[in-house]
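Visitor: Sequence:
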Amino acid sequence: MTYTFPATGTIWCIEFLEKLPIEKFTQIKKEIDAQIKRDDAIYSRFNTQSELSNLNKNKRLDNPSRQLYDALALAEDIRLMTKDAFTPFIGTYLHQLGYDATNRFAVEGELTKDNSKLGRFLKLDSEVIALPNEAHVDVSSFAKGIMIDNVVSLLKTLHLNEFVVNAGGDIFVSTQNKPVEIAIEAPTHLADVVETVSLKNQAIATSANTKRVWIDQKTEEERSHIKTYNSDIKQVSVIAENAKTADLLSTVIFISGDSFSKPLHSRFNFEERIYQS
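So the sequence shown is residues 1 to 277, counted in our numbering.
I should point out that these hints are in silico values taken from the structure, not numbers from a laboratory. Misleading hints may appear alongside valid ones.
Below are the BS3-like pairs computed for lysine-lysine, each with C-alpha atoms no more than 27 Å apart in a straight line [what the hints assert, rightly or not]:
{"hint": "1", "residue 1": "Lys113", "residue 2": "Lys30"}
{"hint": "2", "residue 1": "Lys156", "residue 2": "Lys24"}
{"hint": "3", "residue 1": "Lys200", "residue 2": "Lys123"}
{"hint": "4", "residue 1": "Lys113", "residue 2": "Lys83"}
{"hint": "5", "residue 1": "Lys262", "residue 2": "Lys83"}
{"hint": "6", "residue 1": "Lys156", "residue 2": "Lys29"}
{"hint": "7", "residue 1": "Lys57", "residue 2": "Lys37"}
{"hint": "8", "residue 1": "Lys37", "residue 2": "Lys59"}
{"hint": "9", "residue 1": "Lys178", "residue 2": "Lys19"}
{"hint": "10", "residue 1": "Lys29", "residue 2": "Lys200"}
{"hint": "11", "residue 1": "Lys19", "residue 2": "Lys30"}
{"hint": "12", "residue 1": "Lys19", "residue 2": "Lys200"}
{"hint": "13", "residue 1": "Lys59", "residue 2": "Lys24"}
{"hint": "14", "residue 1": "Lys178", "residue 2": "Lys83"}
{"hint": "15", "residue 1": "Lys156", "residue 2": "Lys123"}
{"hint": "16", "residue 1": "Lys113", "residue 2": "Lys123"}
{"hint": "17", "residue 1": "Lys234", "residue 2": "Lys113"}
{"hint": "18", "residue 1": "Lys57", "residue 2": "Lys113"}
{"hint": "19", "residue 1": "Lys59", "residue 2": "Lys30"}
Here are the in silico distance ranges between beta carbons for each label pair [stated by the list, open to error]:
{"hint": "20", "residue 1": "Asp232", "residue 2": "Phe268", "range": "16 to 24 Å"}
{"hint": "21", "residue 1": "Lys117", "residue 2": "Glu181", "range": "43 to 51 Å"}
{"hint": "22", "residue 1": "Lys19", "residue 2": "Lys83", "range": "48 to 56 Å"}
{"hint": "23", "residue 1": "Glu134", "residue 2": "Glu31", "range": "38 to 46 Å"}
{"hint": "24", "residue 1": "Lys156", "residue 2": "Pro6", "range": "33 to 41 Å"}
The model shown is predicted, which means the values in this text are computed figures rather than measured ones. Ideal Cβ placement from N, Cα and C applies to all residues, glycine included.
Go ahead and model the full structure; you've got the sequences and the hints to work with.
Guide: And the structure:
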């Protein structure tokens with residue numbers, strides 16, 4: 001049985017590897033929808049009423065949810081580790097591009113070229129998050145991973161153990177039986193498979209610069225949601241114990257290559273696959 005639905009700007013497909021009564025399947029779908037809605041109300045830049053959007057609009061958020069604070073604190077830790085190669089203030093750049101709830105898809109003003117100039121937290125703790133006037137934050141590089149993990153946790157509380165959650169190619173496999181084979185698309189020929197991996201209670205996420213691109217409506221230049229990246233790398237896939245880690249690190253490594261491999265491996269348990277063609 002499969003539940004397919006749109007969310008987070010992509011298509012989610014949840015495949016249940018065990019037979020379910022139709023009544024239970026219907027209830028599970030409702031529970032999933034409710035979980036996605038809760039998470040969207042926290043992390044989405046495209047939901048103008050989300051907690052993140054309110055922070056970006058008002059530049060201050062008192063008593064933030066634990067979920068948003070934890071996400072921004074993690075992003076800030078990785079910013080410091082990678083010396084701004086990865087930054088939650090990529091939201092400033094995406095706003096300049098018009099890649100947000102405005103749906104302008106056209107540059108407004110000058111683009112900030114230096115990541116270190118995109119912004120800094122004026123305050124970041126469990127009581128107050130504050131931003132400079134021109135700054136915007138974004139956690140979409142791993143929010144989808146968080147949302148996958150939350151759906152996985154939900155399904156397990158409903159006593160389900162055999163399923164695959166696929167959110168636009170970011171995947172978690174839950175199984176007590178044999179591993180599930182997952183095909184990784186080739187970076188330049190998306191219909192081709194570059195590698196097949198076996199996953200059992202693991203996640204895989206992939207970052208590339210080939211899918212989420214658009215033409216600027218003013219300049220007619222091609223734009224991407226990823227600001228800078230290692231030009232020798234075409235695609236990065238990361239396998240980890242949860243989707244948040246896989247989603248985050250696939251982006252970090254795609255941006256920076258192996259520059260921060262040692263501190264990342266010291267902090268996280270993961271395997272990377274780097275594709276250069």
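Visitor: Under the constraints set out in the numbered hints, which ones does this structure not fulfil?
Guide: 1, 3, 13, 14, 15, 19 and 24
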